[in-house]
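Chains as they are written, first to last, in this note's numbering: chain Z, 6 to 410; chain X, -3 to 64.
Everything labelled a hint here was simulated from the structure, so no lab data went into it. Please note that a few of the clues may not be correct.
As the list claims (entries may be wrong) - Straight line, CA to CA, 25 Å or less: simulated DSS-like cross-link-like pairs of lysine-lysine:
id, chain 1, residue 1, chain 2, residue 2
1, Z, Lys313, Z, Lys14
2, Z, Lys122, Z, Lys266
3, Z, Lys408, Z, Lys376
4, X, Lys1, Z, Lys303
5, Z, Lys376, Z, Lys123
6, Z, Lys14, Z, Lys266
7, Z, Lys187, Z, Lys14
8, Z, Lys343, X, Lys46
9, Z, Lys228, Z, Lys211
10, Z, Lys408, Z, Lys266
11, X, Lys1, Z, Lys343
12, Z, Lys303, X, Lys8
13, X, Lys46, X, Lys8
14, Z, Lys303, Z, Lys313
15, Z, Lys106, X, Lys8
16, Z, Lys337, Z, Lys266
17, Z, Lys106, Z, Lys303
18, X, Lys1, X, Lys46
19, X, Lys8, Z, Lys228
20, X, Lys46, Z, Lys122
21, Z, Lys228, Z, Lys106
What the hints assert, rightly or not - Covered by chain Z, according to a simulated footprint, are these stretches of chain X (three or more residues, beta-carbon under 8 Å):
id, region
22, 5 to 12
23, 26 to 32
Quick caveat: nothing in here was measured; it's all calculated off a predicted structure. By construction, the Cβ of each residue, glycine as well, lies at the ideal position given by its N, Cα and C atoms.
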Amino acid sequence: MSDVSHLPKHPPVEDWVNDFDHTDPRWTEDPFPIWDELRTASPVVHTERFLGCYMPTTYEAVRAIANDTEHFSSRRIIVRDIRPEQTANAPPITSDPPAHKPAKQLLLPPFTPDAMKKLEPRVRAICNELIDEFIADDQCDAAARYTKHIPVRAIAHMLGIPEEDGDLFIRWIHEILELGIKDQAILVKAAEEMDVYFAGHIEHRKTHPSDDLISTMMNARTKDGKPLDDAHVSGSLRLLLIAGIDTTWSAIGASLWHLAKTPADRERLVREPALMPAAVEELLRAYSPVTMAREVMKETTISGCPVKPGNMVLLSFPAANRDPAMFPEADKVVLDRKENRHAAFGLGIHRCVGSNLARMEMTVALEEWLKRIPEFRLDPTGTVTWSEGTVRGPRQLPVLFGKTA
Amino acid sequence: MARLKIRVDQDKCQGHARCKSLAPELFELDEYGNAHEIGDGTVPAGLEDKAWLAQTNCPEIAIEVTEE
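Whenever a hint applies, use it, and build me the whole structure from the sequences.
Structure representation (structure tokens):
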């Protein structure tokens, strides 16, 4: 074949330390031994792929970069094959100081733990509505039938948009976070469709105000008393929808996957429900779904390694959370782990604004599942598949329960 | 046992709210979800373990525990 444009741009990785690729199928399937290999080699590794990209491999190096907004920008938050000039802003996640703080403060009050308590009964009901649909079958794909739908319905409820539009949101997110890494046209189209969708909801509320999160954003005022422009509102809504869905879907799914294959932990959680808060933190640590990115703006040194502008940084909170220098028995799930400064929701000023929502959803989803399906296991005839790229979690999770458990 | 005092460094706290979850008797959250020690931060007798637990679980290392 003479047409090189059809050659795959991601040849299989042969040298992880000098040529890592977080979209390689082996990374998607089982990243943990790869991260161990990288961490043993260096606290910061580099690849020429993605137009040049570093990856901090230790907790310490991840923390240093997350806290260094002088040398590392958040204007691009996904490591991709290309770096187009036009990036759709989604404040505050794509903001740097000083614009970051005011944009973030607008979003924080609706996501406090107390605010989440008010949403909790609806989430508990959502979980039970979903379980009702498949419990009689004694088997299901827990990702497709359960974990996938909980965050999308919860965030739709908060935003004040129809829960039934969930499949649409899930498609956009797949196009932006997975397909968009390698195909700009798909990403742009999805982002435009989202903007049109939200523009309609914003327009409607101008004449029909409500008490949902879209209205809260529209009513927000900057320090000098001005309302946010529609593009800021739309960008933040896009962020909440994207960030609020497949992240938590992944965390709930990975937790159920762990419990399905680890009867001792499953039985212990059923027996000791008071263990749930610590268990949720530990499952978040062990199976952190979210990897972020930064762009190097100025030359600096991280953990003794030189870092140069023109490169992206794959900011792997999941890898940091497996660093044995920070977490004894880092590769083991210890449900009652006492010291757990995990970074699943990031570190520094970009701490996930929805962390309290995610924790509540995870807790409720696991509690309701364990109440009604205390015994379950992976279906040995089925296949568990994991999502690629920025957010890692099971997208197919066939389990057996009831008479088949 | 010596009396303990806690303090949340407001420059470091990012609102993970782990302390409030682990030791609600010792920490409160403001409208942005950032944590503050309750009162002057003096840890009532019997809650020392919770103070240390909160300190060792803060992802931002924002909690200081001092022995008076």
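Okay, the hints, checked on the actual structure:
{"no.": "1", "hint": "Z/Lys313 - Z/Lys14", "in the structure": "holds (24 Å)"}
{"no.": "2", "hint": "Z/Lys122 - Z/Lys266", "in the structure": "violated (31 Å)"}
{"no.": "3", "hint": "Z/Lys408 - Z/Lys376", "in the structure": "holds (16 Å)"}
{"no.": "4", "hint": "X/Lys1 - Z/Lys303", "in the structure": "violated (40 Å)"}
{"no.": "5", "hint": "Z/Lys376 - Z/Lys123", "in the structure": "holds (21 Å)"}
{"no.": "6", "hint": "Z/Lys14 - Z/Lys266", "in the structure": "violated (35 Å)"}
{"no.": "7", "hint": "Z/Lys187 - Z/Lys14", "in the structure": "holds (9 Å)"}
{"no.": "8", "hint": "Z/Lys343 - X/Lys46", "in the structure": "holds (11 Å)"}
{"no.": "9", "hint": "Z/Lys228 - Z/Lys211", "in the structure": "holds (22 Å)"}
{"no.": "10", "hint": "Z/Lys408 - Z/Lys266", "in the structure": "holds (18 Å)"}
{"no.": "11", "hint": "X/Lys1 - Z/Lys343", "in the structure": "holds (21 Å)"}
{"no.": "12", "hint": "Z/Lys303 - X/Lys8", "in the structure": "holds (23 Å)"}
{"no.": "13", "hint": "X/Lys46 - X/Lys8", "in the structure": "holds (20 Å)"}
{"no.": "14", "hint": "Z/Lys303 - Z/Lys313", "in the structure": "holds (7 Å)"}
{"no.": "15", "hint": "Z/Lys106 - X/Lys8", "in the structure": "holds (14 Å)"}
{"no.": "16", "hint": "Z/Lys337 - Z/Lys266", "in the structure": "holds (13 Å)"}
{"no.": "17", "hint": "Z/Lys106 - Z/Lys303", "in the structure": "holds (22 Å)"}
{"no.": "18", "hint": "X/Lys1 - X/Lys46", "in the structure": "holds (12 Å)"}
{"no.": "19", "hint": "X/Lys8 - Z/Lys228", "in the structure": "holds (23 Å)"}
{"no.": "20", "hint": "X/Lys46 - Z/Lys122", "in the structure": "holds (23 Å)"}
{"no.": "21", "hint": "Z/Lys228 - Z/Lys106", "in the structure": "holds (11 Å)"}
{"no.": "22", "hint": "5 to 12", "in the structure": "holds (count 3)"}
{"no.": "23", "hint": "26 to 32", "in the structure": "holds (count 3)"}
The structure does not agree with the numbered hints 2, 4 and 6 stated previously, though it agrees with the rest.
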